[in-house]
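Heads up: the protein sequence lines correspond to chains A and B, in order.
1 is the number of the first residue of the first sequence in the working numbering; add one for each residue after it.
221 is the number of the first residue of the second sequence in the working numbering; add one for each residue after it.
Think of the hints as simulated: they come from the structure by calculation, not from any bench.
Nothing false has been slipped in among the hints.
Calculated cross-link-like contacts (lysine-lysine; reagent style DSSO-like; alpha-carbon spacing at most 30 angstroms):
1. K90(A) - K241(B)
2. K69(A) - K32(A)
3. K90(A) - K324(B)
4. K258(B) - K33(A)
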Amino acid sequence: MFQLSIVKDTVAVHPSQFGLPPQQAVTNELNKKYANRVLHDVGLCICVFDLSEVSEGRVRYGDGCLWYKVVFRMVVFRPFPSEVILARVKSSDEDGIRLSVGFFDDIYVPLVYLPEPTAFDSKERAHFWLPGSESTSAHELLDSPLTDRMYIDAGDVVRVRVESDDFHDDEPGPPKAHEGVQQVQENRRPPYTITCSMAEQGLGPTSWWQNAGVETMEEG
Amino acid sequence: MEVLNQRSALLSNYEVLSLLKELESDHLAKTKTAHRIKKEEEAAGLPPKHQAPPDDVCENLRTVEVEAIQYLSADYQPTGSQSEEGIAQLTRTLGQWDLTKAEKLQIVNLAPTEPVELYVIVEELEDRFGDKMDDILNAVKSSLKEPPPTVNGTTEGQPTEETMQVETTTYTEYTEEYTEQWDYDANEVVFDDTGEGAGIEGDLDVDDD
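Looking at chain A on its own, in the form it has when it is part of the complex:
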């Protein structure tokens, strides 16, 4: 789920940081710039791994900073498609389940990737799975006895497979004034979202599979 990306950039080191060893100062600047940010089509940056190449620092006309050209490696969070990861359920709604890994929580499991047949229990605000049930409509499922239902509750640890990831780079366009009234900005999409699946044997809350034998797997 983590990878190393090689990035090239130019950073300025402020004179107040001249007391530090240069590699430390450069690393600090890079961490300040990248840590916990999403880089388009790369992933969520965690921190600098190491510096591969650093040019000599140069002073430009106009400021007292030392400018370095740096090639460095960075630890990036980007689970690859088909990777299996562990996450916690953050919340559920009619459209699916939202997961979190603590430092990143734009992970979604849409309805189509939930195990069949599932239904959303609006009282519990959670999806449940009815293993072995023939019923297909939500009404029939909601009539099932509570004891048969296997709920996916908030806070559960789930094993999911990464299906796809999307990057959105929403630029804040020029302010659109419509008849003199400033438009309310439509809600912005998160810059990086991961879509995961639970619709497979062995996926879903880890507690479901703790003592499951191989027999069930073979029919699946």
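Given chain A, work out where chain B should sit, using these hints.
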């Protein structure tokens, strides 16, 4: 900014966790020293020299660092019972079977000890490794220091103190390609979380005076 290589290598969770813990302990050590120096100066009656903290704490880095450490060392992750030697040995053992790189990485990250877990990770497990499945699971089990507590379903063995686990660090094959830049020292991993808050609070008090 230019991305030269989007994915030059894959990292295992254990590697990332060690890196972050090292960063964290470095950071704690620095704040402690800065705090001590400040106190000494004040005790000596020197005028408070204006000195920015050695590296002004980058909020983003601290946030992601703390949250990622939390996630990676959570009790449902196998990292608690993993060790560098164990992982190195595991990757060597896995080398004999025809597993893809991604499958090996996931076996290291998730440390499957039950067939169900292995089925999810390895595609067409039956056809490819029908009879060798138990060998793989045993290899994983032997790479873990202690049976992982509860989550993976193995109930024998009780959770033991995790601080005891990393005692010696010798560089091993698995991490070899990274070690030249990354001096991982097992002793630095141990950090004291409560120290930081106390330190900062003390700091503020001093400032108020």
